[in-house]
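A.B. asks: As a plain string of letters, each chain reads:
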Amino acid sequence: MITLNHFLVLGAVLFVIGLFGALSKRNAVAILMSIEIMLNAVNVTLVAFASAILNHGGKALNGATVDSSRLTGQIFAVFIITVAAAEASVALAMIIAIYRRRNTIDVGEINLMRW
Amino acid sequence: MTIDVPAVAFWVIAIILVGSALAVVVMPKIVHAALFLVAVFGAAAGIYVLLNAEFIAIVQVLIYAGAVTILILFAIMLTQNSMSRVSNPFSGQWWLAGLICVLLAAGIIFAVNSSPMAAGAASDALPLANAAGGTVVKLGQLLYSPFAYSYVLPFEIASVVLLVAIVGAIMIGREE
Amino acid sequence: MDATLVAIIAAVVKSAIVIAALLTIFAYMTLIERRVLARFQRRVGPNRAGPFGLLQPLADGMKMAFKEQIIPTRARRLVFVIAPSISVFVALAAFAVVPLGSPTAWGSSPTARAWAPLVADVNVGILYILALSSLAVYGIVLGGWSSGNHYSLLGALRSAAQMVSYEVSIGLAIAGVLMFAGTLSMVGIVQAQVQQGIWFILAQPLGFILYFIAATAEVNRAPFDLPEAEQELVAGYLTEFSGLRWSLYQMSEYINMITAASVAATLFFGGWTLGGLDGIPGIPFVWYTIKVAVVLFVFIWMRATLPRIRYDQLMRLGWQLLLPLAVLNLVVTAAVVAFDVPWWISTIFSLIVLAIGGIVYYVRRRRVEPSAQPSDEALRLALPTSVRLVRIDSSASAATARQPAEVSPN
Chain A
2 MITLNHFLVL
12 GAVLFVIGLF
22 GALSKRNAVA
32 ILMSIEIMLN
42 AVNVTLVAFA
52 SAILNHGGKA
62 LNGATVDSSR
72 LTGQIFAVFI
82 ITVAAAEASV
92 ALAMIIAIYR
102 RRNTIDVGEI
112 NLMRW
Chain P
100 MTIDVPAVAF
110 WVIAIILVGS
120 ALAVVVMPKI
130 VHAALFLVAV
140 FGAAAGIYVL
150 LNAEFIAIVQ
160 VLIYAGAVTI
170 LILFAIMLTQ
180 NSMSRVSNPF
190 SGQWWLAGLI
200 CVLLAAGIIF
210 AVNSSPMAAG
220 AASDALPLAN
230 AAGGTVVKLG
240 QLLYSPFAYS
250 YVLPFEIASV
260 VLLVAIVGAI
270 MIGREE
Chain W
725 MDATLVAIIA
735 AVVKSAIVIA
745 ALLTIFAYMT
755 LIERRVLARF
765 QRRVGPNRAG
775 PFGLLQPLAD
785 GMKMAFKEQI
795 IPTRARRLVF
805 VIAPSISVFV
815 ALAAFAVVPL
825 GSPTAWGSSP
835 TARAWAPLVA
845 DVNVGILYIL
855 ALSSLAVYGI
865 VLGGWSSGNH
875 YSLLGALRSA
885 AQMVSYEVSI
895 GLAIAGVLMF
905 AGTLSMVGIV
915 QAQVQQGIWF
925 ILAQPLGFIL
935 YFIAATAEVN
945 RAPFDLPEAE
955 QELVAGYLTE
965 FSGLRWSLYQ
975 MSEYINMITA
985 ASVAATLFFG
995 GWTLGGLDGI
1005 PGIPFVWYTI
1015 KVAVVLFVFI
1025 WMRATLPRIR
1035 YDQLMRLGWQ
1045 LLLPLAVLNL
1055 VVTAAVVAFD
1065 VPWWISTIFS
1075 LIVLAIGGIV
1085 YYVRRRRVEP
1095 SAQPSDEALR
1105 LALPTSVRLV
1115 RIDSSASAAT
1125 ARQPAEVSPN
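Chains as they are written, first to last, in this note's numbering: chain A, 2 to 116; chain P, 100 to 275; chain W, 725 to 1134.
If we strip away everything but chain A, and leave its shape as in the complex, we get (with noise of 0.2 Å):
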């Protein structure tokens, strides 16, 4: 029997996951995709809450009884999506005009503002 929270700490895992290397890696490229683990995560997690909440309702999922705004999980999921969408193409575009100018992406090196 898988529960909500069987996708809960899913969710959670792969968050960390994600976190972590967005904490512990050099490669620029490497942290954007560490971030899109950590949304992924979140969406996940949102998309099992919708999905709880519309079976907690104690109505069918075919008919329409259900209540729309019950599904607002995922309606979240789909802003995620779109925002991540949009982050990763400036953030894409930031690490190229980085690289063009310092001929690295490597984090560590990318230090002109640090002192």
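Mixed in with the good hints there might be a few duds.
Claimed, not checked - Computed far set for chain P versus chain W, every beta-carbon distance over 10 Å:
1. 117
2. 125
3. 126
4. 127
5. 196
6. 201
7. 205
8. 208
9. 210
10. 212
11. 254
12. 256
13. 257
14. 259
15. 267
16. 269
To be verified - Coverage of chain P stretches by chain A, computed from C-beta distances (three or more under 8 Å per stretch; other residues unrestricted):
17. 104–113
18. 128–139
19. 163–172
20. 186–194
21. 235–243
Hint data in this document are derived by calculation from the structure and do not stem from the laboratory.
C-beta atoms are modelled at their ideal positions from N, C-alpha and C, and glycine is treated no differently.
Using the hints, position chains P and W against chain A.
C.D. replies: Frame of chain A; chains P and W shown alone:
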């Protein structure tokens, strides 16, 4: 004895998902990491199908796997200057990051398993991969319906965000 | 027997049938294409192996199987080996939601529906096809990148940009049909056409033309076959592939073409239906096959007729012509559907747009004609010295310079 097909599917997909997410983080070559990222997105789409969110699943594949990862591959191919053996190195503080992450994971999982809301919802099984009907129509009405309660305005704002992102990406990425 | 078990067995059997059928059709599509192209060029085409050359695909297959499969030294081995399979897998998987007949052809009980003539009736069917065709670019990008060869990488990057650009146009071009149908399911779209008594090409001629052009670019067919432009990129991403791996790429290209034709037949030509005759067993499949075959023939026809366009022209066509027209079509269709006016309003709009397009094209063509001969300056700019065979002497008069008088030694 009956096999609970959705449950088996959940475990298989979850293992693939976590395994390939780990692979994205630890792979020494950045291109291989990007390929495992595709696996992460695909497996996440599988999770959404199990949760009766087929529209989210398709959009996930279409946007994440079809567009975002392609962009990432472009960036990788454009920024590889040397054929170094390790293109995806760890920083010196990876142990600290690991410690923080383990603590955070423990905290979240503890909260999930002991908060009152979780205890209530944990008792009933989710109807995984319910063939009875999709949620696409509901989702569409919730997003666009001009009459009922809907998310039309946030949706329009999201499109403005996308427009700004396109303009910004072009401005940043343009060669002077 | 358990209904779930029946469904699983049915899905496996149907998938096996579809895969076998697609591979066979691929083999014979190559033969048909070569024969038809030969006719266009007043040749005969391959006719030696078997009657009418029917055994030619078999011979080709044998040849491919026994060829050496070279892996270049600089190739990234693992990715190089996997990439062609990704292409084929994605192409085959995309076909799963194409309906070849009514889902209730053998009755409407769950067991009968499990054996319906389509692998899966997904309620987001058309989006599923779009999603998988957006994955098709991986096979090409990874193949080109892993070859460790600049021509391959260039071809791969070109193709990635091309496919990502034209996906947008495809999505917007078919959105009009989806509005008329009110569903994303492939079966539902066909049923909506039966219900409304029209084929959607009647209401959406502009949408169909936009879809057809964008789909041709999406499956990398001529005149949009830039990724493998032989004359400029050797063979693009295919350069380093040989033997069975090469034929896997060919296979995926043809299967993608068949899927694109099936989507056109389903969305715009009523799928398996034609005038109420589809109650007779077997007839729906025949209709479907005829419709797909006609679309496939047009693909071949275009390849025989049109020259390959330049890369900047390709991008301009996609972003500056197809995309705005698709948006325009979308807006007008939305108005037609929302205000519940008859469907032929959108037809009239489409025809007006197409007529304007035709007039603009004709006028511009006529205006360009007097100076169609490129000037010397243009020739000099267009061709680098290493490529130019004719030495252009600017001091000589234009008439003599245009004659291929001298061929430079280098």
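A.B. asks: Decide, hint by hint, whether the structure agrees.
C.D. replies: Okay, the hints, checked on the actual structure:
1. 117: Given a closest Cβ separation of 22 Å, the condition holds.
2. 125: Nearest chain W Cβ is 17 Å from residue 125 of chain P, so the label holds.
3. 126: The assertion about residue 126 of chain P holds, with a minimum of 12 Å to chain W.
4. 127: 13 Å, holds
5. 196: Given that every Cβ of chain W is farther than 10 Å from that of residue 196 of chain P, nearest at about 29 Å, it holds.
6. 201: At about 32 Å from chain W, residue 201 of chain P clears the 10 Å cut-off, so the statement holds.
7. 205: The claim holds: residue 205 of chain P sits with its nearest Cβ about 36 Å from chain W, beyond 10 Å.
8. 208: The assertion about residue 208 of chain P holds, with a minimum of 32 Å to chain W.
9. 210: At about 34 Å from chain W, residue 210 of chain P clears the 10 Å cut-off, so the statement holds.
10. 212: Label holds. Min Cβ-Cβ 32 Å, cutoff 10 Å.
11. 254: 15 Å, holds
12. 256: 20 Å, holds
13. 257: 17 Å, holds
14. 259: At roughly 16 Å from the nearest Cβ of chain W, residue 259 of chain P sits farther out than 10 Å, so the non-interface label holds.
15. 267: Fine: 18 Å to the nearest Cβ keeps residue 267 of chain P off the interface.
16. 269: Per Cβ check, residue 269 of chain P is outside 10 Å of chain W; nearest 12 Å; holds.
17. 104–113: holds (count 4)
18. 128–139: holds (count 5)
19. 163–172: Since three or more residues must qualify, the claim that chain A covers the stretch 163–172 of chain P holds, with 5 doing so at under 8 Å.
20. 186–194: holds (count 7)
21. 235–243: Answer holds; 5 residues pass the 8 Å Cβ test.
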